[in-house]
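Colleague: Each chain, letter by letter, is given below.
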Amino acid sequence: MPEITYRDALKAGLREEMLRDERVFIMGEDVGLNWGGAFKVTKGLAEEFGEDRVRDTPISENTIAGAAVGAAITGLIPVAEIMFGDLITLAMDQVCNQAAKMRYMFGGQTSVPLVLRSVFGGGKNIASHHSQSLESWFMHTPGLKIAVPAFAYDVKGLIKTAIRDPDPVMFFEHKLVYDRKEEVPDEDYTIPFGEAKVRREGADVTVWGTFFMLHKALEVADELEKEGISVEVIDPRTLAPLDTKTLIDSVKKTGRLVLVTEETKTGATTAEVAAIVQEEAFDWLDAPIKRVNAPDTPVPFSPPLENFFVPDNKRIAQAIRDIV
Amino acid sequence: MTVDKKTLKELFTRTLKVRRFEEKVWDLFGENLVPGTLHLYLGQEAVAAGVTTALKKTDWIQSTHRGHGHVVAKGADMNAALAELLGKESGSCKGKGGSMHITQFDVGVLGATGVVASGLPIAVGAALSCQMRGTKDVVACFFGDGASNNGTFGESLNMSAIWNLPLIWIVENNLYAMGTPIKMMCPSASIAQRADGYCIPNVVVDGNNALDVYEATVEAVKRARAGEGPTLIECQTYRMKGHSRFDQAKYRPEDEAKQWLSEERDAVRIIRQIAIEQGALTEKEAEKIDAKISKEVDKTGEFAKKSEYPNPEDALTDVFAEVL
Numbered sequence: 082m083p084e085i086t087y088r089d090a091l092k093a094g095l096r097e098e099m100l101r102d103e104r105v106f107i108m109g110e111d112v113g114l115n116w117g118g119a120f121k122v123t124k125g126l127a128e129e130f131g132e133d134r135v136r137d138t139p140i141s142e143n144t145i146a147g148a149a150v151g152a153a154i155t156g157l158i159p160v161a162e163i164m165f166g167d168l169i170t171l172a173m174d175q176v177c178n179q180a181a182k183m184r185y186m187f188g189g190q191t192s193v194p195l196v197l198r199s200v201f202g203g204g205k206n207i208a209s210h211h212s213q214s215l216e217s218w219f220m221h222t223p224g225l226k227i228a229v230p231a232f233a234y235d236v237k238g239l240i241k242t243a244i245r246d247p248d249p250v251m252f253f254e255h256k257l258v259y260d261r262k263e264e265v266p267d268e269d270y271t272i273p274f275g276e277a278k279v280r281r282e283g284a285d286v287t288v289w290g291t292f293f294m295l296h297k298a299l300e301v302a303d304e305l306e307k308e309g310i311s312v313e314v315i316d317p318r319t320l321a322p323l324d325t326k327t328l329i330d331s332v333k334k335t336g337r338l339v340l341v342t343e344e345t346k347t348g349a350t351t352a353e354v355a356a357i358v359q360e361e362a363f364d365w366l367d368a369p370i371k372r373v374n375a376p377d378t379p380v381p382f383s384p385p386l387e388n389f390f391v392p393d394n395k396r397i398a399q400a401i402r403d404i405v
Numbered sequence: 008m009t010v011d012k013k014t015l016k017e018l019f020t021r022t023l024k025v026r027r028f029e030e031k032v033w034d035l036f037g038e039n040l041v042p043g044t045l046h047l048y049l050g051q052e053a054v055a056a057g058v059t060t061a062l063k064k065t066d067w068i069q070s071t072h073r074g075h076g077h078v079v080a081k082g083a084d085m086n087a088a089l090a091e092l093l094g095k096e097s098g099s100c101k102g103k104g105g106s107m108h109i110t111q112f113d114v115g116v117l118g119a120t121g122v123v124a125s126g127l128p129i130a131v132g133a134a135l136s137c138q139m140r141g142t143k144d145v146v147a148c149f150f151g152d153g154a155s156n157n158g159t160f161g162e163s164l165n166m167s168a169i170w171n172l173p174l175i176w177i178v179e180n181n182l183y184a185m186g187t188p189i190k191m192m193c194p195s196a197s198i199a200q201r202a203d204g205y206c207i208p209n210v211v212v213d214g215n216n217a218l219d220v221y222e223a224t225v226e227a228v229k230r231a232r233a234g235e236g237p238t239l240i241e242c243q244t245y246r247m248k249g250h251s252r253f254d255q256a257k258y259r260p261e262d263e264a265k266q267w268l269s270e271e272r273d274a275v276r277i278i279r280q281i282a283i284e285q286g287a288l289t290e291k292e293a294e295k296i297d298a299k300i301s302k303e304v305d306k307t308g309e310f311a312k313k314s315e316y317p318n319p320e321d322a323l324t325d326v327f328a329e330v331l
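From first to last, the protein sequence lines are chains B and C. Using this note's numbering, the first residue of the first sequence is number 82, and each one after it goes up by one. Using this note's numbering, the first residue of the second sequence is number 8, and each one after it goes up by one.
Rather than coming from a laboratory, the hints here were simulated on the basis of the structure. Don't take each hint at face value.
[What the hints assert, rightly or not] Stretch-level coverage of chain C by chain B, calculated; a stretch enters the list once three of its residues show a Cβ under 8 angstroms from a Cβ in chain B:
| no. | stretch |
| --- | --- |
| 1 | 103 to 116 |
| 2 | 131 to 139 |
| 3 | 163 to 169 |
The beta-carbon is built from N, C-alpha and C at its ideal position, and this holds for glycine as well.
Chain C with its partners taken away, still in its complex shape:
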């Protein structure tokens, strides 16, 4: 597949944007401004960037508990996203959701969920809706290696296949479900091959390479829009941090972590190099883009910090469309 220069630049920009956003979250967390827990997307940026660059604005994504990157890559307002993580009134969920429910519906995010594997059935319904309403939009559903061991995986893959739904299943295999290695919990060499049982075309890609992810997604989107049904893409990747707030991921073997977290495997570096090699970007441009994004993210941080907390009584609103 030939990928044009504009797209390569966009892949670099989105990967970097997610990286800088998450670094800002990490900093604010360090300042003790992020209540509760958080699951950082650092390390997996190429997956969200690659997938969302292959989608239109009206296409949908279903996110997970590790969802900041998905939402930012899909084009969310970063101010509203970051303010939500800080529990502020200006947050996209008015401070009612936080990290695990970070969502911006108007840019095509169906939702982020705190229940592992619960997004798959929702993606089935959204894809069915696209099909029945004849919109030609598609749904990309993110989930992790751990989710592939839940019952909804089988139910939802099956339903997507029998109904030929415009759905792209994106497995973000970061090798660990919390602290449990997928090797221990999955008998097959890949998660992708489980899709064979549901007659769903599947592929394994380097999840740290935004271009690989993008190319696989473009193929899947093409099939989905043409009415040819779902595809499963397993993106192999790795968390830069632990599972959640205080996890230092000491259960990961040193060699493995060293290899995955090396400079050569870094998602930003990989797409940067590809874009430069293919003439889509110069070093100078890359630096300029980085400076621009960093500035934007800094401003976002200021916005989130300055924003007010919601009124305590606001806890009572939004249960139903109208107060009962």
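Just chain B, with the same shape it has in the complex:
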């Protein structure tokens, strides 16, 4: 099986879906011929499918998202891209008031089969408007599905599921994983939403996390193995629907839980997950649930500041040691 990057796996998923279903089209700022997407995910697709189906837009985020809504409810399957997750703030009405609510407030008359792709995360020294991790905002909005792939194999299978889903899907990527390689099959496959993956089995403590923090947690797990601490690592893969069963089963086995994301701490997805676990597995917990997040500040620019902001291996390891 070929090893390809997360970027190429995502592109392959998009391409295969566009070949499979002519209703699928891509729109966004600089996704087309001249640039191929700010992170080059769509590079080459405009050449193959034409500029109608891989459509450059003006810098009009609210209308990009709204046009995706309008296209979705009238027979197309748009995959809209918002260049940076931070810029979804400009499209919040269309995402949260329209896409998320249409099926409900119109009593089931309408389906909104759109995918909105965007990218979160720090580590690139691009400061407060290009580095945030805002996934919890959307987890707080009923009516949206949320995919958070962190691995190349998953990103291909999940984008296909997203495109084939009848409901609006927020498809979030992470800047630091685009170049990571993994074995990815050439053929068509999908990954169901709401199925977490146990990335590493362990007996002493469960670590649940998303995006780049998963890669760090796996490194930490290898290090701690040498100290005799056995770490289980769980990747939810989608936040809505959220696979609580895999997590609860793991907590029942290990009795300990560390939650790790790059979000600022207050109101993060980790807070919700901690609440679910104490509701459903309180009696199995042998220690308080630990959260490892960014501090409650904007994302800073300067490398030492940003390195302090984004949780590192040391902080993850310390949180684990604290409760084991």
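Assemble the complex: chain B is given as a structure, and chain C must be docked to it using the hints.
Modeller: Here is chain C on its own, set in the frame of chain B:
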């Protein structure tokens, strides 16, 4: 433009139908049967009647928070429309939407929205969908004078122009955004001239004259179907009531209100007179049509009143296509 007799009669009928429907809503509101708030379309009937008479059933309209008239004029089932306003299970949105989300998708209503100016991006997407799918259908997007000061106005007009979309922008300028006069909030003499900046042909018409609205829309539809792009039509009109439920519109100068609300400016009277003068209608026929519509609307009122409220647990359905 010569307008045939059948069309003149239809313009009269639709204008009157919207009037009688809204009067029924007002009566039921008086009986305290309409929960929440409502934004009545009384006074603006000629706009919805003129625009929708120029459209086919498969063409789309995007509505606003003041949407009852749009939906009824587009041919909605009045029983389902009125039942929705009363929050009944037989309502078109099963009681989940109410006045601000009154929608009947199967007659070509994309949706009514509670967020001013949020319909414009959705109309862009629907028009893009018509264009990409090659259906030859067009989209008419209603919005008010107030919405023309929102960012989506610029974003969406621009996108419709660069992509040459089959879209008709219908500004219902009723002179007030809630209580704020448009004169205070718009530097130009008309809203229509703002479209010049986006190279969109535009025209100002008497929004209380269904024939004027119809003729302008026919021209715009012709351009849109021929692939010649969007048009903006500013329909100048006036609310008979206040903005919402308890607003008595005391902020409107007496002279202005007197002139706009005079018998000569009444939308039903204007199209009635035109139709009679042009031999499309006799006084007797007009009365007959009125009696028929009034009877139908009365029956609709009975249907809505008799309909059941939804089961409380129904609040949990229609969030996603399948329950997660």
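Colleague: All hints, please: hold or fail.
Modeller: Hint-by-hint comparison with the structure:
Here the stretch 103 to 116 of chain C counts 7 residues with a CB under 8 angstroms from a CB of chain B, which clears the bar of 3, and the coverage holds. Interface restraint, the stretch 131 to 139 of chain C with chain B: holds (8 residues with C-beta to C-beta distance below 8 angstroms; minimum three). For the stretch 163 to 169 of chain C, the stated coverage by chain B is satisfied: 4 residues place a CB nearer than 8 angstroms to a CB of that chain, which reaches the threshold of 3.
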